Amino acid sequence: MRPNKGSRIKSLIIASAFACTASALAQTNDIKIKVTELTDDLHRPWAVEVLPNQDLVITERNGDVRVWQNGQLSDPIKGLPEVHEVGQGGLLDVKAHPNFTQNSTLYFTYAKGTNDSNRTVLAKAKLQSPGETGRYQLVDVIEIFSALPKKERSHHYSGRIEFLPDGTLIFAVGDGGRYQDKAQLLDNHLGKVIRLNDDGSLPSDNPYANDDSVLSEIYSYGHRNPQGMFYDEKRQLLFSNEHGPKGGDEINIIEPTKNYGWPAITYGVNYSGTTISEFTHKEGMEQPLLQWTPSIAPSSIMVYYGNEFPQFQGHILTTALKFEELRLVRLSSPESGSVEVLSQQTLLKEQEERLRDIAMNSKGQLYIITDSGKLWHLTKH
Numbered sequence: 025m026r027p028n029k030g031s032r033i034k035s036l037i038i039a040s041a042f043a044c045t046a047s048a049l050a051q052t053n054d055i056k057i058k059v060t061e062l063t064d065d066l067h068r069p070w071a072v073e074v075l076p077n078q079d080l081v082i083t084e085r086n087g088d089v090r091v092w093q094n095g096q097l098s099d100p101i102k103g104l105p106e107v108h109e110v111g112q113g114g115l116l117d118v119k120a121h122p123n124f125t126q127n128s129t130l131y132f133t134y135a136k137g138t139n140d141s142n143r144t145v146l147a148k149a150k151l152q153s154p155g156e157t158g159r160y161q162l163v164d165v166i167e168i169f170s171a172l173p174k175k176e177r178s179h180h181y182s183g184r185i186e187f188l189p190d191g192t193l194i195f196a197v198g199d200g201g202r203y204q205d206k207a208q209l210l211d212n213h214l215g216k217v218i219r220l221n222d223d224g225s226l227p228s229d230n231p232y233a234n235d236d237s238v239l240s241e242i243y244s245y246g247h248r249n250p251q252g253m254f255y256d257e258k259r260q261l262l263f264s265n266e267h268g269p270k271g272g273d274e275i276n277i278i279e280p281t282k283n284y285g286w287p288a289i290t291y292g293v294n295y296s297g298t299t300i301s302e303f304t305h306k307e308g309m310e311q312p313l314l315q316w317t318p319s320i321a322p323s324s325i326m327v328y329y330g331n332e333f334p335q336f337q338g339h340i341l342t343t344a345l346k347f348e349e350l351r352l353v354r355l356s357s358p359e360s361g362s363v364e365v366l367s368q369q370t371l372l373k374e375q376e377e378r379l380r381d382i383a384m385n386s387k388g389q390l391y392i393i394t395d396s397g398k399l400w401h402l403t404k405h
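Under our numbering, the first residue of the sequence shown is numbered 25, with each subsequent residue one higher.
Read the hints as simulated data drawn from the structure, not as lab findings. Keep in mind the model is a prediction, meaning the values are calculated, not measured. Just to be clear, a hint being listed does not mean it is correct.
Once the Cα atoms are required to be at most 27 Å apart in a straight line, the calculated BS3-like pairs of lysine-lysine come out as [claimed, not checked]:
hint, residue 1, residue 2
1, Lys58, Lys306
2, Lys387, Lys258
3, Lys282, Lys174
4, Lys282, Lys206
5, Lys387, Lys150
6, Lys306, Lys282
7, Lys387, Lys373
8, Lys56, Lys404
9, Lys102, Lys58
10, Lys150, Lys206
11, Lys206, Lys306
12, Lys102, Lys206
13, Lys282, Lys258
14, Lys258, Lys404
15, Lys373, Lys270
16, Lys404, Lys373
17, Lys206, Lys258
18, Lys404, Lys346
19, Lys346, Lys270
For each label pair, taking beta carbons as the anchor points, the in silico distance ranges come out as [unchecked claim]:
hint, residue 1, residue 2, range
20, Glu302, Tyr255, 28 to 36 Å
21, Thr304, Gly155, 50 to 58 Å
22, Asp211, Glu176, 13 to 21 Å
Positions of the beta carbon are idealized from the N, C-alpha and C atoms, including for glycine.
Model the full structure from these sequences, guided by the hints.
What follows is the structure, given as structure tokens:
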């Protein structure tokens, strides 16, 4: 274990910063959050996962896995295959199996290959308990899925993982950047959400399981670069957020066989300002629940159901990179039978940090990792 450099506590009063939507309702109440900086010793972290024992597993883009345990950050845990840490590549998400207490299984996504030939890979491994050594170890690492086709350049890998109530897992594959047109084609995995059994096999009830003209792992398509994935058990809906180009970041509700439009429809334009598509709507293509123009660069998403922050209950929290904030998206009640965005509020703006991922512990307290290598613990003030 590396000694902690010292936790720094910053007590913040987070004021409302209202971002308008067509049906927005103004929010004037302040939300008070205490931010405790646990460490600033992470190297390009991408994901944080809370284990049942409340230890934290954190991925770093260079391929290292770290554990926050008993107030200390572990030395890097090796064991995963070499990753392609170039551009937006590297080690990406980590997700604990729903039965982690029994099987100790973690799932990882990462970029693998070379500059001229790389892809998104999903692997599983067992996290061996510390035991007498006091250190976790990764063993029995197996790659269970590799996205097709291999591609050039190192952009838009996506990789976020989520489990559904039936035990199958969902994860996203980005469009690969220059390969955006493949997001509309069903003969490849780019720009898709994928559904698998927990061993990597194909679920017999996948929407395209019996269609030989479609890759059977595909669950939904027409995506650019999804960053967050969260299954809301109360609403029984799968939420995702997604990077647009220049403008047109989205929150979507993911459903099987649905086409989310990219690049045939978009609210964004190329970074140069040129047009990608003249259309924001087309028949047979889904509209986002919410779109942001200008882009906030959302990076993770959750629907909060915890005891620490009653103001967040049943609402979306999404971290943002470009806007350097935690965005609260208030939704209509889960009992209403519909999903409507009521208002938005910006939090943690004063920190001036690119926020990469968010996770919740059993008490409803939150953890956030930043691109600068910090791990924060958020509690009520």
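Each hint tested on the structure:
{"no.": "1", "hint": "Lys58 - Lys306", "verdict": "45 Å, violated"}
{"no.": "2", "hint": "Lys387 - Lys258", "verdict": "18 Å, holds"}
{"no.": "3", "hint": "Lys282 - Lys174", "verdict": "24 Å, holds"}
{"no.": "4", "hint": "Lys282 - Lys206", "verdict": "15 Å, holds"}
{"no.": "5", "hint": "Lys387 - Lys150", "verdict": "26 Å, holds"}
{"no.": "6", "hint": "Lys306 - Lys282", "verdict": "13 Å, holds"}
{"no.": "7", "hint": "Lys387 - Lys373", "verdict": "24 Å, holds"}
{"no.": "8", "hint": "Lys56 - Lys404", "verdict": "6 Å, holds"}
{"no.": "9", "hint": "Lys102 - Lys58", "verdict": "33 Å, violated"}
{"no.": "10", "hint": "Lys150 - Lys206", "verdict": "34 Å, violated"}
{"no.": "11", "hint": "Lys206 - Lys306", "verdict": "18 Å, holds"}
{"no.": "12", "hint": "Lys102 - Lys206", "verdict": "34 Å, violated"}
{"no.": "13", "hint": "Lys282 - Lys258", "verdict": "22 Å, holds"}
{"no.": "14", "hint": "Lys258 - Lys404", "verdict": "24 Å, holds"}
{"no.": "15", "hint": "Lys373 - Lys270", "verdict": "21 Å, holds"}
{"no.": "16", "hint": "Lys404 - Lys373", "verdict": "17 Å, holds"}
{"no.": "17", "hint": "Lys206 - Lys258", "verdict": "34 Å, violated"}
{"no.": "18", "hint": "Lys404 - Lys346", "verdict": "25 Å, holds"}
{"no.": "19", "hint": "Lys346 - Lys270", "verdict": "11 Å, holds"}
{"no.": "20", "hint": "Glu302 - Tyr255: 28 to 36 Å", "verdict": "34 Å, holds"}
{"no.": "21", "hint": "Thr304 - Gly155: 50 to 58 Å", "verdict": "56 Å, holds"}
{"no.": "22", "hint": "Asp211 - Glu176: 13 to 21 Å", "verdict": "18 Å, holds"}
Consistency with the previously given hints fails for numbers 1, 9, 10, 12, 17, ordered from lowest to highest.
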